[in-house]
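Counting the sequence shown from 1 gives a position; this note's numbering is that position plus 578.
Hints should not be assumed to be uniformly reliable.
[As the list claims (entries may be wrong)] Simulated restraints, written as ranges between beta carbons of each label pair:
# : residue 1 : residue 2 : range
1 : E747      : G850      : 47 to 57 Å
2 : P966      : F772      : 15 to 25 Å
3 : E1116     : A952      : 57 to 67 Å
4 : G793      : E1116     : 42 to 52 Å
5 : H899      : W1113     : 31 to 41 Å
6 : K754      : A929      : 51 to 61 Å
7 : R730      : D1088     : 40 to 50 Å
[What the hints assert, rightly or not] Straight-line distance between alpha carbons at most 20 Å, and here's what the computed SDA-like set of lysine to any residue pairs gives:
#  : residue 1 : residue 2
8  : K993      : K1117
9  : K993      : A931
10 : K785      : W760
11 : K1117     : A1091
12 : K754      : T773
13 : K1117     : R1069
14 : K993      : P1057
None of these hints come from the bench; they were simulated from the model.
For glycine and all other residues, C-beta sits at the position ideal for the given N, C-alpha and C.
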Amino acid sequence: AAGAAPAPADLGRRDQPPRARARRPPRRRLVPDPARAARDLRAPRRDPRAALGGGAAGRGLRGHDGDPNPVRGGAVAAELQGRPPRLPARDGGAGRRLRRGGREGLRPPIDLGTLRARGRGLGAVRDRGRGPARPRLAVDWVWQPTPEVVERSHLAAFLRAHGLGSYRELVARSIKEPEWYWPAVIDDMGLELFTPFTELVDLSRGKEWATWFAGATLNVAWNSCHRWARRPDHAERAAVVCLDEDGGRHEVTYAELSRRVTRLAEGLVALGLRPGDRVGLFLPMCVEAVVASHACAHAGLVQVPIFSGYGAPSVAERLVHGGLRAVVTADGSLRRGRVLRMKETLDEALAQAPSVEHVIVHPRLALGDVPMRAGRDVAWADVVAGTPGTLEPLRLDAEHPYILAYTSGTTGRPKGVVHAHGGFSVPICAHNYYLSDIHPEDVMLFVTDMGWIMGPWTVMGGGFCGCTIVFMEGAPDWPPDRLWRTIEVERVSVLGISPTVVRALVPHGDSAADLSSLRVFMTTGEPWNREPYLWLFEKVGGGRCPIVNASGGTEAG
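Could you build the full structure based on these sequences and the hints that come with them?
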């Protein structure tokens, strides 16, 4: 109790001479050096937009503070909260990097004059109650939605349906009443559960072993493919458009995609694969990659995407660590006009992966000289030959694994992350549905590979929204205006792109293509810096398209 006398043991320790006490190493404080901070405060004033906080327009599924609520960021959410998306800070000048947990984050200089001129005050951010407070940073915005954009958004419709007067009110209620929020989101999005959940989240084993949507059954392939194929008004809409680097174009409708997914799932089951078995997807960006992804989900198999450009050692590492039983691959692919002989790379990797029993080969390039090992390798056409196409998607527990996604391995060995049909699909679909505000009439192109989490994200999230997905084989800048011409021809409205790709495109200059179809940018993978961010926003999007940034990557989905 307050004021109580210390225990004898405590008194004994305090009475010891200082030299006898155990000395603890000083704690490392994550606050700026005072001298360096003073230099920043004396820095000359500049464009107010240079004195911005980190982040990008519309934080995604997980904000930079680790917030798991998928409705707290995004393009329309910014307007409904009264805050348009933020512009990233300039990386240079007086800005400095602060290392936290092994990662570098950019801290821009603080401009007190700008803060005072706006009358915002300084506020304070303390280092866990220790040390001096440091000022909050000023923030400017680069984009605001029109009233028409807000009116037609899924998020605004959700607010109206639940009698919520503002976005802030929604956030407050979602935090206070998660048992209301998540069922409301699932119902509003139209995500179909075969069996409803009996408990939103079961924490009986501890937070680190949370079980979401306990008792529910569902299947990603149903929600992102088959349900659209069974709607007469949607079945014949384009589901997937894949563009070969050498000019080929392949389009399938939702009805055709559903048939092909079902037949491949039946073929995989006929090979002896059972729910829970891991199947590698070592494929280029082609229609077959989408079919294979959904077919795995359909049959309860766990897909393991592998980057199409990996060499044999990296492929082998994932095959062995994941304990894969089968791999779906292609004979080869094209990148910058060069042939990548993917089947030969896989054969070399398989020498170290005895667990793989089956290899399904898609003849993307029809090379003809691809070695096929009897008893293990089988052509795609032979796998689906004679399958009736009648197998219904399995009703899987919400915790049934959907994907085993590996990190890049840039910080140590690659780490496999398991995502479930329930815990992965609900927030990812919510991100696409609310934060990126994707509608069935949209055309969504993400510059990605199936080996990056954004490949499966696009297959599942775009398919869930019923839009048309566009994939590009090879490099987006070969030739330099390939991406922009694709947007013009396919009338792409939602473009997913990483900051690295944008930086690679900037030197090629502005495009003469018609980019008026663009409506939203989606981005993730790394922090932005100012110049490419503004180039994408102003030169590509014409200042009218929000940049919706998702944080979390492979680990968070």
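Quick rundown of the hints versus the structure:
{"no.": "1", "hint": "E747 with G850: 47 to 57 Å", "verdict": "holds (53 Å)"}
{"no.": "2", "hint": "P966 with F772: 15 to 25 Å", "verdict": "holds (22 Å)"}
{"no.": "3", "hint": "E1116 with A952: 57 to 67 Å", "verdict": "holds (58 Å)"}
{"no.": "4", "hint": "G793 with E1116: 42 to 52 Å", "verdict": "holds (49 Å)"}
{"no.": "5", "hint": "H899 with W1113: 31 to 41 Å", "verdict": "holds (39 Å)"}
{"no.": "6", "hint": "K754 with A929: 51 to 61 Å", "verdict": "holds (56 Å)"}
{"no.": "7", "hint": "R730 with D1088: 40 to 50 Å", "verdict": "violated (30 Å)"}
{"no.": "8", "hint": "K993 with K1117", "verdict": "violated (38 Å)"}
{"no.": "9", "hint": "K993 with A931", "verdict": "holds (18 Å)"}
{"no.": "10", "hint": "K785 with W760", "verdict": "holds (18 Å)"}
{"no.": "11", "hint": "K1117 with A1091", "verdict": "holds (11 Å)"}
{"no.": "12", "hint": "K754 with T773", "verdict": "violated (26 Å)"}
{"no.": "13", "hint": "K1117 with R1069", "verdict": "holds (17 Å)"}
{"no.": "14", "hint": "K993 with P1057", "verdict": "violated (35 Å)"}
This entry does not satisfy hints 7, 8, 12 and 14, going by the numbered hints stated previously.
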